[in-house]
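*Asks:* Sequence:
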Amino acid sequence: MKVDIVKYRWFWIGFSLAVLIPGFIAIGMCFVKYGTPVKLGLDFTGGTKLEYKFSQKLELEKVRRILDKHKLGGSNIQLSKVGEDGSQVLIIRSKAIKERKSTQKKSSQKERLDRDLITTFGQFEILSIDTVSPIIGPELLTSGLLALVFTLVGIVLYISYRFKRDYALCAIIALLHDVFILIGLFSIFSLIWGLEIDSLFITAVLTVIGFSVHDTIVVFDRIRENSKYLSKNKTFAEIANESINQTLVRSINTSLTVLLTLGTLYLIGGETTKNFVGAMFLGIASGTYSSIFVASALLVWWRELSKRKKVQPVNPSKVAAIR
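Anchor point for the sequence shown: position 283 equals 283 in the numbering used here, and the numbering is continuous, going up by one each time.
Simulated from the structure, these hints should not be mistaken for laboratory data.
Watch out, some of these pointers could steer you wrong.
Mimicking DSBU-like on lysine-lysine, the simulated pairs with C-alpha atoms at most 30 angstroms apart in a straight line are [as the list claims (entries may be wrong)]:
| no. | residue 1 | residue 2 |
| --- | --- | --- |
| 1 | Lys81 | Lys62 |
| 2 | Lys274 | Lys33 |
| 3 | Lys7 | Lys53 |
| 4 | Lys307 | Lys164 |
| 5 | Lys33 | Lys62 |
Produce the complete structure using the sequences and hints provided.
*Replies:* Given below as structure tokens:
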């Protein structure tokens with residue numbers, strides 16, 4: 001059974017735009033609020049993230065006063081309930097908090113902060129302490145962005161060499177489609193839930209780029225091969241549709257295998273990898289969609305547009321003037 005995917009190409013492109021446009025709006029709002037397309041985590045900004053678990057209810061205003069006392073005003077504070085017993089987790093994101101060195105006799109900034117928290121709210125359990133140097137953070141961001149740029153340039157050069165110009169252009173648009181959908185969704189998550197990205201997000205984007213290009217090239221290669229033998233009897237749209245159907249089962253099976261694995265990891269994996277796995281899941285789902293529905297739809301539209309430009313109607317007045 002063949003599915004006429006090309007026939008409804010404007011529906012598929014419209015669906016993509018319905019996801020992309022809110023994402024672009026969210027990216028713009030993140031630029032206004034954070035100065036970046038997505039809220040950056042400690043990996044990129046530098047600073048300290050502290051997670052404490054308290055057995056009793058906390059008051060946000062009292063926590064702020066304690067932080068102000070220790071010159072940590074402006075820190076990001078999150079409170080969340082973790083149990084029916086009323087226990088709460090306090091997450092503090094701030095500039096780098098100094099800890100005591102082995103040779104230092106005077107109590108450190110963190111020790112003084114801990115003492116005040118115990119005095120005010122009672123004993124707590126330290127869940128995690130993460131500190132990134134303010135120098136290393138920006139370096140990680142620069143390295144990650146350079147990796148993205150070099151990867152994109154390399155892929156563009158390869159596709160341009162391997163395929164015709166229209167194939168390459170449509171593959172690149174589909175690739176950018178997946179990148180912007182992923183960034184747009186995480187921008188929305190940043191605005192709604194305050195989600196922050198770390199260095200693993202860059203890894204996820206790079207992986208999604210590779211997966212998306214691989215899937216698109218498989219479909220385009222089949223279209224190119226079929227065009228050699230079927231172009232005399234069928235239109236390019238029919239050839240593209242047949243090629244997509246020939247690779248459809250393979251594309252869906254491959255993607256489902258990966259998505260099921262990622263879904264399992266997201267549900268049973270640790271908190272530290274949740275954002276990475278979530279980004280991979282969304283990006284690969286988008287990559288599968290774009291390789292089947294978006295890239296081929298754009299290619300058919302491009303060919304039809306080029307054909308209409310070549311077959312221009314002759315102006316009768318010009319013919320009469322020549323005579």
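*Asks:* Now tell me, hint by hint, if it's right for this structure.
*Replies:* We went through each hint and held it up to the structure:
Proximity of Lys81 to Lys62 is assessed by CA-CA distance (about 17 angstroms); at most 30 angstroms being required, the pair is judged to hold. Restraint check: the Cα-Cα separation between Lys274 and Lys33 comes to about 24 angstroms, which is no more than 30 angstroms; the hinted pair holds. Taking the CA atoms of Lys7 and Lys53, the gap is about 56 angstroms. The hint is violated against a cut of 30 angstroms. Taking the CA atoms of Lys307 and Lys164, the gap is about 16 angstroms. The hint holds against a cut of 30 angstroms.
A distance of roughly 26 angstroms separates the Cα atoms of Lys33 and Lys62; the hinted pair therefore holds under the 30 angstroms criterion.
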